[in-house]
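Colleague: Chain by chain, the residues:
2 protein chains.
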Amino acid sequence: MKFEFQNPTHLVFGAGTLAHLGEAVRAYGKHALLVTGGGSVKRNGTFDRAISSLKAYGITFAECPGIEPNPKLSSVITGTGIARHEGCDMVVGLGGGSVMDAAKVIAASVCYQGDPWDMIMHGQENRRVPTQALPVITVPTLAATGSEMNGTAVITNEKTSVKSFVGAKCLYPKVALVDPELTLSVPPDQTAFGICDLITHVTESYFNGIDCTPIQDRFAEGVILTAMEWGPKALSNGLDIEARAQVQWASIVALNGWVQVGTATNYPVHMIEHVLSAHHDIAHGAGLAIVNPAWMRLAAKTRPDRFARFAQRIFGLPAPSGKEEQTAREGIDRLESFLRSTGCPTRLSEVNIGDTMLARYAQDSLHIIHDKDGRLPGRPPMSESDIIELLRSAL
Amino acid sequence: MKFEFQNPTHLVFGAGTLAHLGEAVRAYGKHALLVTGGGSVKRNGTFDRAISSLKAYGITFAECPGIEPNPKLSSVITGTGIARHEGCDMVVGLGGGSVMDAAKVIAASVCYQGDPWDMIMHGQENRRVPTQALPVITVPTLAATGSEMNGTAVITNEKTSVKSFVGAKCLYPKVALVDPELTLSVPPDQTAFGICDLITHVTESYFNGIDCTPIQDRFAEGVILTAMEWGPKALSNGLDIEARAQVQWASIVALNGWVQVGTATNYPVHMIEHVLSAHHDIAHGAGLAIVNPAWMRLAAKTRPDRFARFAQRIFGLPAPSGKEEQTAREGIDRLESFLRSTGCPTRLSEVNIGDTMLARYAQDSLHIIHDKDGRLPGRPPMSESDIIELLRSAL
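Line by line, the protein sequences give chains V and B.
When we follow the working numbering, the leftmost residue of the first sequence carries the number 8, and every step to the right adds one.
When we follow the working numbering, the leftmost residue of the second sequence carries the number 8, and every step to the right adds one.
One or more hints might be untrue.
Which copy is meant is left open, so a pair is good if it fits within one copy or across any two.
[What the hints assert, rightly or not] Taking lysine-lysine and the PhoX-like style, the derived pairs with C-alpha atoms no more than 25 Å apart in a straight line are: (1) Lys240 x Lys9; (2) Lys62 x Lys9; (3) Lys308 x Lys49; (4) Lys181 x Lys37; (5) Lys49 x Lys62; (6) Lys176 x Lys308; (7) Lys330 x Lys49.
Hints are computed from structural coordinates only; laboratory data are not their basis.
This is chain V alone, in the form it adopts within the complex (with noise of 0.2 Å):
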């Protein structure tokens, strides 16, 4: 092992300090670029509550509200307009993933001249990494991408249909302040797609990293076991806060470096995630229920003795030596049947896609990111035509 970590963000975790938001952010910025989704947040009150909190320390804000799902280019482009026109000197992401990691980007473009879409993995030579950003604040309302205690943000091109990634030290949310009670009213089928969006951070750098990193195994595992344990009580009751709060610590540990640290993972299963959901419609942690496992089921062919132990130690399944391909089998169709479980679809059918694409889905995939092979980078690395099977597998 050989690596580099730094996390800098100060976290801010418990049932009630929404109401704590604004002495938590007072050291940042006088003026906040309030950024926002949908609309639930007003309708829920959880806006009222923010601003109440941000004024109650003197701060003022602008609101860049209707931040989509699959947070689009054109969105990020004009919350910098706003940020800029009315002078802000912070930027507050108030709702899910979409909105925390367009937030993150917004607060980057304000420091930079050109096109914000340089500062994206998209195969391009030259991209800019971004060096410099407004202080950012998360304070997410759903427990799944992980984006309030990291660096990295996902934003969609809408006009190339590229969806894709940027990892920067400046991104890092300066405060994650991250309260349970927001997440209470979250619908099964997003609080399940978060579920799966959790699951598969970890299992993205169990199986893809490399080799001999025992401790973070032991962690990554330790947030799967505890995923399955305490999101089905979150499914079941969804104002159980404890279950709410073991589910987003879950989440935010998933994806803030402590289980990926020192394993110089790939991410392939969201690199083709992310290309049907530019694509098509669909909430990014159903497609994954729908990759992950047909990319195990495919990865397990080259490496049955690394599937064969997650089968062993997160579903205690018996692995005999000599059948470590059964095993491993057996613990990919355990983990599917538990997201199907949770309500997740497992199939490209069962959210509209067709075989009519798997080509140019390989291939916006590999266009974003690919070794010098021309492959996918993961372990396996895929080319085209096994990104093809994987997806027709999973029909």
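Given chain V, put chain B in place with the hints provided.
Modeller: Chain B in isolation, oriented as in the chain V frame:
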């Protein structure tokens, strides 16, 4: 769970990273106070390699050598004087936990006009938690305390034989440069004490934290399992760089906050051990190997379920309902056997401590910290007679 978390330290981890010391720290100062211990870093060439890397980036240094195990307040005062006289603008701790802890307190003392002991927790009303410090850089040569990536330090007031701690935001190192190659020459006894130290950091929060922290539990178990898997490899072949790296990584994670986060834990075993090593010349890890199993047996009486689960998850013991006390005892016996197998003492008589001062040890630990009922905080809180009973059971 309701908590705040922030660990801003930039971790640079990996074999060979010492060569990058100058590059990693150049942003923080130009003239370092280089704090070291008994001289092993000079004998084995580590010192020369460190200063060579500093020089390559134009960084000069003044020396503060000779920090002893269980670092003394007088050494902190001496180091503070050197740093002031030399006009140092950062402090580099190159050594074990004692050296790094001394470096932290020196860095804060330079910015404080009073007695450095004011900062240290020892029961007084008007303690001055430091708010300012020179930038601290840690370069550990031992895998044990985890001091390289946290904001705490332990210092001994040799005049009063009080050994206690300070924790503050300003004490977090700016950079922790962790090169497992530097631990290849650590002798077996110190290696074993380090393994015991890191395991005890994790058992403290596992058993003394609040209820319902499932992810933190899994993380703690992961650290212990990894230390028990890789520790013996590092002991049987000190030159096994992979084993050294895994043990060192475990020691960092054991106390950088990722396991303790949200648990609101106390550290009763550490509090009691600190008193022993303040009065007697014993290694901290050796003292922990004696106190921790004895403490666990006492605490298991009040919470057998919790200790039975430890036995089950760490040692794979069956945990039949209704037999929790027996399972708990077996788990503690297994941990003690493991510690003995690494060469740690597990009885006070092995380190020549008798029963003549048991009441004094108990009183001293309560002097450092106690709850409103005069008991040592933990689960369970312990009175003076509880602590005496515990120590007597370890004679």
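Colleague: Look at each hint and say if it fits the structure.
Modeller: Hints, verified against the model:
| no. | hint | verdict |
| --- | --- | --- |
| 1 | Lys240 x Lys9 | between (39 Å within a copy, 20 Å between copies) |
| 2 | Lys62 x Lys9 | between (46 Å within a copy, 24 Å between copies) |
| 3 | Lys308 x Lys49 | neither (49 Å within a copy, 51 Å between copies) |
| 4 | Lys181 x Lys37 | within (14 Å within a copy, 28 Å between copies) |
| 5 | Lys49 x Lys62 | within (17 Å within a copy, 58 Å between copies) |
| 6 | Lys176 x Lys308 | neither (37 Å within a copy, 48 Å between copies) |
| 7 | Lys330 x Lys49 | neither (54 Å within a copy, 53 Å between copies) |
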